[in-house]
Amino acid sequence: MLWTQRGWLKLQTLFGRERVAQQLDDELQFHLDQQIAENVAAGMNEEEARHAAMRLFGNATILKEETRDAWGWIALEQVTQDVRYGFRSLRKSPLFTAVAVLTLAFGIGANTAIFNVMDQVLLQLLPVKHPEQLVLVAERGMRLGDSWGDEDISYPMYRDFRDGNQVFSGMFCRFPTSVGLGYGDHTETVSAELVSGSYFPVLGVTATLGRILTPDDDRVPGGHPVAMLSHSFWQSRFSSDSTIVGKQITINGYAFTVIGVSQPGFDGLEVGYKSKIFVPMMMKLQMTPRSDGLQQRRLSWVTAFGRLKPGIGMAQATASLQPLMHNILQVELHEPTLQHYSDYDRAQFLRNSVELLPGARGWSGLRLYLQTPLWVLAALGGAVLLLACANLANLFLARATTREREMAVRLAIGAGRRRVIRLLLVESLLLSAIGTAVGLGLALLADRVLLAAYFSPDSTGDLPISPVPDARVFVFALAAMLLTALVFGLAPAIQSSKADIAPTLKDRAGSGAGGKQVFLRKLLVSGQVALALSLLIGATLFLRTLANLQGSGPGFSTEHLMVFRIDPSLSGYADARAKDFFRRLTDELQALPGVRSVGLSTMPLLQGYGWTNPVIAEGYAGDPGQEQRPIFDEISPKLFSTLELPVVAGRDFTPFDTRPVVLINEAFARKYFAGRNPLGLHIGMVDDRLATPDVPNLEVIGVVKDLKYKNLRDPAPPQGYLPYLQAERFRFMTFYLRTRPDPGQLMEAVREQVRRLDPNIPVVDMRTIDQQIGLSLTTERMVASLSSVFGFLATSLAVVGLYGVMAYTVATRRREIGIRVALGALQSDVLWMVMRQVVFLTGTGLAVGGLLAFALANLIRSQLYGLQPHDPFTFVSAGLVLSAAACAAGFIPSWRASHVDPMHALRHE
Amino acid sequence: MGKPSDLVQGTLDLLILKTISLEPKHGWAIAKRIQQISNEVLQVQQGSLYPALHRLEQKAWIKAKWADTETGRKAKFYSLTSTGRAQLGKEAANWSRLSAAINLVVETT
Chain A
1 MLWTQRGWLK LQTLFGRERV AQQLDDELQF HLDQQIAENV AAGMNEEEAR
51 HAAMRLFGNA TILKEETRDA WGWIALEQVT QDVRYGFRSL RKSPLFTAVA
101 VLTLAFGIGA NTAIFNVMDQ VLLQLLPVKH PEQLVLVAER GMRLGDSWGD
151 EDISYPMYRD FRDGNQVFSG MFCRFPTSVG LGYGDHTETV SAELVSGSYF
201 PVLGVTATLG RILTPDDDRV PGGHPVAMLS HSFWQSRFSS DSTIVGKQIT
251 INGYAFTVIG VSQPGFDGLE VGYKSKIFVP MMMKLQMTPR SDGLQQRRLS
301 WVTAFGRLKP GIGMAQATAS LQPLMHNILQ VELHEPTLQH YSDYDRAQFL
351 RNSVELLPGA RGWSGLRLYL QTPLWVLAAL GGAVLLLACA NLANLFLARA
401 TTREREMAVR LAIGAGRRRV IRLLLVESLL LSAIGTAVGL GLALLADRVL
451 LAAYFSPDST GDLPISPVPD ARVFVFALAA MLLTALVFGL APAIQSSKAD
501 IAPTLKDRAG SGAGGKQVFL RKLLVSGQVA LALSLLIGAT LFLRTLANLQ
551 GSGPGFSTEH LMVFRIDPSL SGYADARAKD FFRRLTDELQ ALPGVRSVGL
601 STMPLLQGYG WTNPVIAEGY AGDPGQEQRP IFDEISPKLF STLELPVVAG
651 RDFTPFDTRP VVLINEAFAR KYFAGRNPLG LHIGMVDDRL ATPDVPNLEV
701 IGVVKDLKYK NLRDPAPPQG YLPYLQAERF RFMTFYLRTR PDPGQLMEAV
751 REQVRRLDPN IPVVDMRTID QQIGLSLTTE RMVASLSSVF GFLATSLAVV
801 GLYGVMAYTV ATRRREIGIR VALGALQSDV LWMVMRQVVF LTGTGLAVGG
851 LLAFALANLI RSQLYGLQPH DPFTFVSAGL VLSAAACAAG FIPSWRASHV
901 DPMHALRHE
Chain B
1 MGKPSDLVQG TLDLLILKTI SLEPKHGWAI AKRIQQISNE VLQVQQGSLY
51 PALHRLEQKA WIKAKWADTE TGRKAKFYSL TSTGRAQLGK EAANWSRLSA
101 AINLVVETT
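Chains as they are written, first to last, in this note's numbering: chain A, 1 to 909; chain B, 1 to 109.
Worth flagging that the hints you see were computed from the coordinates, not collected in a lab.
Please note: incorrect hints may appear among the correct ones.
As the list claims (entries may be wrong) - Derived DSS-like pairs (lysine-lysine); straight-line CA-CA distance at most 30 Å:
1) B:Lys-65 - A:Lys-309
2) A:Lys-671 - A:Lys-638
3) A:Lys-671 - B:Lys-65
4) A:Lys-579 - A:Lys-705
5) A:Lys-671 - A:Lys-579
6) B:Lys-25 - B:Lys-65
7) A:Lys-64 - B:Lys-74
8) A:Lys-129 - A:Lys-92
9) B:Lys-74 - A:Lys-10
10) B:Lys-63 - A:Lys-10
11) B:Lys-18 - A:Lys-10
12) A:Lys-64 - A:Lys-129
13) B:Lys-63 - A:Lys-64
14) A:Lys-64 - B:Lys-32
15) B:Lys-90 - B:Lys-59
16) A:Lys-579 - A:Lys-638
17) A:Lys-64 - B:Lys-65
18) A:Lys-638 - A:Lys-710
19) A:Lys-64 - B:Lys-25
20) B:Lys-65 - A:Lys-10
21) A:Lys-710 - A:Lys-92
22) B:Lys-90 - B:Lys-18
23) A:Lys-129 - A:Lys-10
24) B:Lys-65 - B:Lys-90
25) B:Lys-63 - B:Lys-90
26) A:Lys-498 - A:Lys-522
27) B:Lys-25 - A:Lys-10
28) A:Lys-92 - A:Lys-498
29) A:Lys-10 - B:Lys-59
30) B:Lys-90 - A:Lys-10
31) B:Lys-32 - B:Lys-63
32) B:Lys-18 - B:Lys-65
Unchecked claim - Using C-beta positions, here's what the derived DEER-type ranges look like:
33) B:Trp-66 - A:Phe-87: 46 to 56 Å
34) B:Trp-66 - A:Gly-204: 15 to 25 Å
35) A:Leu-14 - B:Ser-82: 18 to 28 Å
36) A:Thr-61 - B:Gln-43: 19 to 29 Å
37) B:Asn-103 - A:Leu-505: 26 to 36 Å
38) A:Arg-88 - B:Asn-103: 58 to 68 Å
39) A:Thr-61 - B:Ser-82: 50 to 60 Å
Where a beta carbon is used, it is the ideal one built from N, C-alpha and C, also for glycine.
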């Protein structure tokens, strides 16, 4: 009661200030009138009575102020004054304000843009209950068998862990895959997640509509045609249809019932891979045709997570799971697929260990891949912001000298030092607030452009990483704003508050302007040059890496070459029918006007895919299980002529090959047939499910030139090619078309051709091979272009800073220079006198910056291609560019100094 | 003329609370009343009266209301709140104890 009363009064005095102040006036006026009336009653005349009353009353203004003080808002009132004054003084110097705001907007904008991406990719926890309890269960050691990824385990192993552990309150597993989704009359390829029945319950993710998948939906292989939709997919693809539950959709041609829609904001467990649809694990065979894996013990493909029981740590859990792991390995050792391994391998296998990894952020390949580039960019962005702060501190110091008089007056008429510091800090805060607001806009814009360029939007136009900043990004921007305001505002503010009042007011300002201040400004400039050099070196390294990669090329001509992919198995095609479809489509495309040649391969080039398989080769001693496995591909007879990749020995495939034959590349020949003619020799593919073949059975009929396979970075690995016409199992197929006109003109015709053969088969990733190469270099291009922008900004900031300081020094030394000239100094002497300082400042900066870059360059070694982190050419050229810019900037004030007219300069003061 | 600062710290609050404990009064009347009762010894000046009144109002010990005076003018009348009444009892007791103690000291020596 008391509190509400007090609070109400406080609010009245805050928001009804005008009215309350008016009432105070009335109250005091009433008092005065009473006094006058009394005086009159005592016999004074009107005039005397008024004066006597006023005398008694004293200073009304002080009285009012003291009374208002009792209202308790005095600090706020003063800050409001400061803000109003700050705005006024910023408006009075628009150029200063514009430069400062822009500098800050770039600095804070760049960092906010990077933070927005970094937060989503690296930092954010999963939107589930207690994400910190989640751990990922992985197997380490000699992982015999086939594996989709280092953190994946087999489904039976997951099941054994789930049923046998004592440390988890629940376990679940998942597997991401693309599926063909049909609804209405439209079929499209969407990203899906196969999940165990425990997935949603253990995560604590609920359903917005309908119900979640439960363990009861995941019991019988192939027996649960039910699916859940992600909230965002339900909104975009099904227009938030509230009657969707219970409706039928087709997935890969199978009828499924929608049972629910997940809670908003939940898109699966993988950053960069938004799951649109969730399907029970037991439907694996329907989701990935012809590859089941639910029973295979040494086929690792699921990512398994556990939720730690409260109070159990990771180390304790690992120790508790290890005996269980050993038991599982004991069982797996008797698997027929492990029988052909040596005793040594089998002994090592039994030593495999379980490892728990933090699972609070899920698992993400994108995160592993982008981690280093993002940290590099964040560091570069941070350096730019630091440079911006240095520049602003410099500007503020310069401004402080021009405002020395103002500050001296303030101090002289009784402002406390704290009040002066506060006023100046409020000004810095205002600037940085405006800069941050503009910067946020820039960041949103930059992220929109960058992310749209980096990720190709999926069928719903959705980007895996959102450019729209969330509350965390705003908090980050706010923190950046406060921090920068303090960094660039505090030192100048404290300096100003120390103004020496008497001499300043006696108009001797400028003559002795603090040597300490000039020293501080020079230090700042040298630091800027150092940072700018490091950034320039970094940018040059990244630019040259990009150029090297582009220059290296894929190993074949990319002109007029287009590529696309189809997967008939997602539309219910069996192998034989799919093979027939490929053959018919090839013929139809070949007949299209403008198409010169058509080639097929099962694995798409330069998209990071690779099918590896251990081999044995005739006359080659080596353990196929131990060595780096060659990459294989199944291709059509005309692939190499389409790619214009020469067959350097032997011959290409023909449609009539019936014997088991294989083509190899030069790297394969060098490794397995060193110094021998490989033609007519044999290799054998080791099948994990069977023992090693006793006799190599595939005859080498030709050798082709090397080409880059997974990406442009890795050198061509040993590679083998098999004829797809002899293969029996198919999923997706990549088509390559060499065209006469620009491929862009043919794309619609090609799509039409596919549609005519079967309208239910979606065409995926259709683009030119140049675009494909461009896409494979997106990360490199992003890092190179952003670091160039940062390098440019940094150089500009440093150069402007240097110019500012030198111009200021020259201005304060005008008188002295005038005297020198009057005493006979030559123009060149004066010029050199000033330039010497420029050279000194730049030189110190360059030396420090060079050392800094030398120390840091090793951190980005893994990101470079075709050059060393300490590449001398890069260091020297960056240094030259920066010193040229710095000397040019320093030359202007030097030249001005050398043209000082002594008469004018001396009369000036 | 005794200055308000001569008053022992906190006594002004006590005087104000006591003065308005019987009926609501405006500032001028409060000052007059204190002056009269104390036989012109205590002169409360506006400079301390109004800040004190507003402070007490913010503490919710007294409340204010605009009302007509006998001459028909609007004036701000202050009266005690229940918290203020309790506070008055406490302050008065304190004062008695303090003044008795001071008397003891002054008269014994």
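Verification of the supplied hints:
1. Proposed proximity of B:Lys-65 and A:Lys-309 is contradicted: the alpha carbons are some 64 Å apart, above 30 Å.
2. Using a Cα cut-off of 30 Å, the hinted pair A:Lys-671 and A:Lys-638 holds, with the two alpha carbons roughly 26 Å apart.
3. In summary, the hint linking A:Lys-671 to B:Lys-65 is not supported, as the alpha carbons are separated by about 101 Å, beyond the 30 Å threshold.
4. Restraint check: the Cα-Cα separation between A:Lys-579 and A:Lys-705 comes to about 27 Å, which is no more than 30 Å; the hinted pair holds.
5. Proposed proximity of A:Lys-671 and A:Lys-579 is contradicted: the alpha carbons are some 33 Å apart, above 30 Å.
6. Distance hint between B:Lys-25 and B:Lys-65 is fulfilled; the C-alpha atoms sit about 10 Å from each other, no more than 30 Å.
7. Distance restraint check for A:Lys-64 and B:Lys-74: the Cα-Cα separation of roughly 20 Å lies within the 30 Å cut-off, and the hinted pair is therefore satisfied.
8. For the hint linking A:Lys-129 to A:Lys-92, the alpha-carbon distance of about 53 Å lies beyond 30 Å, and the restraint is violated.
9. With a C-alpha separation of about 24 Å, the suggested pairing of B:Lys-74 with A:Lys-10 holds against the 30 Å cut-off.
10. Between B:Lys-63 and A:Lys-10 the alpha-carbon distance is near 13 Å, which keeps this suggested pair within the 30 Å criterion.
11. About 25 Å separates the Cα atoms of B:Lys-18 and A:Lys-10, which keeps this hinted pair within 30 Å; it holds.
12. Of the supplied pair hints, the one linking A:Lys-64 and A:Lys-129 is violated, its CA atoms being roughly 57 Å apart against a limit of 30 Å.
13. Taken as a hint, the B:Lys-63 and A:Lys-64 pair is honoured in the structure, with Cα atoms around 19 Å apart against an allowance of 30 Å.
14. About 21 Å separates the Cα atoms of A:Lys-64 and B:Lys-32, which keeps this hinted pair within 30 Å; it holds.
15. Using a Cα cut-off of 30 Å, the hinted pair B:Lys-90 and B:Lys-59 holds, with the two alpha carbons roughly 15 Å apart.
16. With a C-alpha separation of about 16 Å, the suggested pairing of A:Lys-579 with A:Lys-638 holds against the 30 Å cut-off.
17. About 19 Å separates the Cα atoms of A:Lys-64 and B:Lys-65, which keeps this hinted pair within 30 Å; it holds.
18. With a C-alpha separation of about 21 Å, the suggested pair A:Lys-638 and A:Lys-710 falls inside the 30 Å cut-off, and the hint holds.
19. This hinted pair checks out: A:Lys-64 and B:Lys-25 have alpha carbons roughly 20 Å apart, not beyond 30 Å.
20. For a cut-off of 30 Å, the pair hint linking B:Lys-65 to A:Lys-10 stands: about 17 Å separates their Cα positions.
21. Straight-line distance between C-alpha atoms of A:Lys-710 and A:Lys-92 comes to about 60 Å, which puts the hinted pair past the 30 Å bound.
22. The suggested pairing of B:Lys-90 with B:Lys-18 holds, with an alpha-carbon distance near 12 Å, which does not exceed 30 Å.
23. With a C-alpha separation of about 41 Å, the suggested pairing of A:Lys-129 with A:Lys-10 is violated against the 30 Å cut-off.
24. With a CA separation close to 25 Å, the supplied pair B:Lys-65 and B:Lys-90 stays within the 30 Å bound.
25. The suggested pairing of B:Lys-63 with B:Lys-90 holds, with an alpha-carbon distance near 19 Å, which does not exceed 30 Å.
26. For the given pair, A:Lys-498 sits about 20 Å from A:Lys-522 by alpha-carbon distance, which is consistent with the 30 Å threshold.
27. Using a Cα cut-off of 30 Å, the hinted pair B:Lys-25 and A:Lys-10 holds, with the two alpha carbons roughly 23 Å apart.
28. With a C-alpha separation of about 24 Å, the suggested pair A:Lys-92 and A:Lys-498 falls inside the 30 Å cut-off, and the hint holds.
29. Straight-line distance between C-alpha atoms of A:Lys-10 and B:Lys-59 comes to about 10 Å, which keeps the hinted pair within the 30 Å bound.
30. In summary, the hint linking B:Lys-90 to A:Lys-10 is supported, as the alpha carbons are separated by about 25 Å, within the 30 Å threshold.
31. A threshold of 30 Å between alpha carbons decides the hint, and for B:Lys-32 with B:Lys-63 the separation of about 20 Å falls inside it, so the pair holds.
32. As the CA atoms of B:Lys-18 and B:Lys-65 are separated by approximately 18 Å, the hinted pair is consistent with the 30 Å bound.
33. For B:Trp-66 and A:Phe-87, the Cβ-Cβ distance of about 37 Å falls outside the hinted range of 46 to 56 Å, so the restraint is violated.
34. Look at B:Trp-66 against A:Gly-204: about 59 Å separates their beta carbons, and that is not inside 15 to 25 Å.
35. Evaluation of the 18 to 28 Å hint for A:Leu-14 and B:Ser-82 yields a pass: the beta carbon distance comes to about 25 Å.
36. Between A:Thr-61 and B:Gln-43 the C-beta distance comes to about 22 Å, which sits within the given range of 19 to 29 Å.
37. Range check, B:Asn-103 to A:Leu-505: Cβ separation about 56 Å, and the 26 to 36 Å hint is violated.
38. Range check, A:Arg-88 to B:Asn-103: about 60 Å between beta-carbon atoms, so the 58 to 68 Å window is met.
39. Remark: the range hint 50 to 60 Å for A:Thr-61 to B:Ser-82 is contradicted by a beta-carbon distance near 35 Å.
Hints 1, 3, 5, 8, 12, 21, 23, 33, 34, 37 and 39 from the earlier list are contradicted by this structure; the remaining hints agree with it.
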